[in-house]
Amino acid sequence: TSWTEKGVGSFGFSWCWPALIPLLGIPWAAARRLWPFVGMMVAVVVAINVMALLWPNSSSFGFIIFFAPAMAKPMYVQYAVAKVAQIKKQTSVGDARDAALMEAGGLRMKYGYVAGGVCAAFLALLVVGSV
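The numbering of the sequence shown is this note's numbering, which starts it at 66 and goes up by one.
Don't take every hint at face value.
To be verified - Under the rule of at most 25 Å between Cα atoms (straight-line distance), these lysine to any residue pairs were calculated in the SDA-like manner:
hint: 1; residue 1: Lys175; residue 2: Ala185
hint: 2; residue 1: Lys138; residue 2: Arg173
hint: 3; residue 1: Lys175; residue 2: Trp120
hint: 4; residue 1: Lys175; residue 2: Val103
The set of hints was computed from the structure by calculation and includes no laboratory data.
Please build the complete structure, drawing on both the sequences and the hints.
This is how it looks when you write it as structure tokens:
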């Protein structure tokens with residue numbers, strides 16, 4: 066099923082400030098259970114660090130991270146719309162649908178806190194390793 070069939074337009078870029086800094090964007094996305102974005106952010110951070118190790122005298126690869134804030138919000142909106150469409154298709158109107166929508170939506174702050182803790186630990190390791 067295409068995004069258009071689900072009621073979502075084509076993928077467009079829109080700025081998302083929390084996703085600008087990877088160590089903030091990862092908890093932001095984890096709290097929203099946007100796992101593909103979390104994976105993408107982790108992969109980008111790892112790739113940038115690997116490239117910096119392989120080519121220490123080259124220019125910074127940090128510009129790559131500026132693609133993430135432009136993709137975060139559209140990914141989240143498309144994920145949410147697809148999830149709502151799936152629930153509406155699988156559940157009849159009534160209390161069961163309302164409960165399913167409530168369960169699917171909203172933030173899961175514990176995921177954000179765990180991801181934030183992991184990012185903080187990673188940052189601490191980077192700081193300790195650079196000293």
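Is the straight-line distance between the alpha-carbon of Lys175 and that of Val103 25 Å or less? With Cα atoms ~15 Å apart, Lys175 and Val103 stay inside 25 Å; holds.
For Lys175 and Ala185, compute the direct alpha-carbon distance and say whether it is at most 25 Å. Holds - the C-alpha atoms of Ala185 and Lys175 are around 15 Å apart, at most 25 Å.
Hey, Lys175 versus Trp120, does the alpha-carbon distance stay inside 25 Å? violated (37 Å)
Measure nothing beyond the straight line between the CA atoms of Lys138 and Arg173; if it is 25 Å or shorter, mark the hint as holding. OK: Lys138 and Arg173 at ~17 Å, within 25 Å.
Against the hints set out earlier in the document, a violation occurs for number 3 only.
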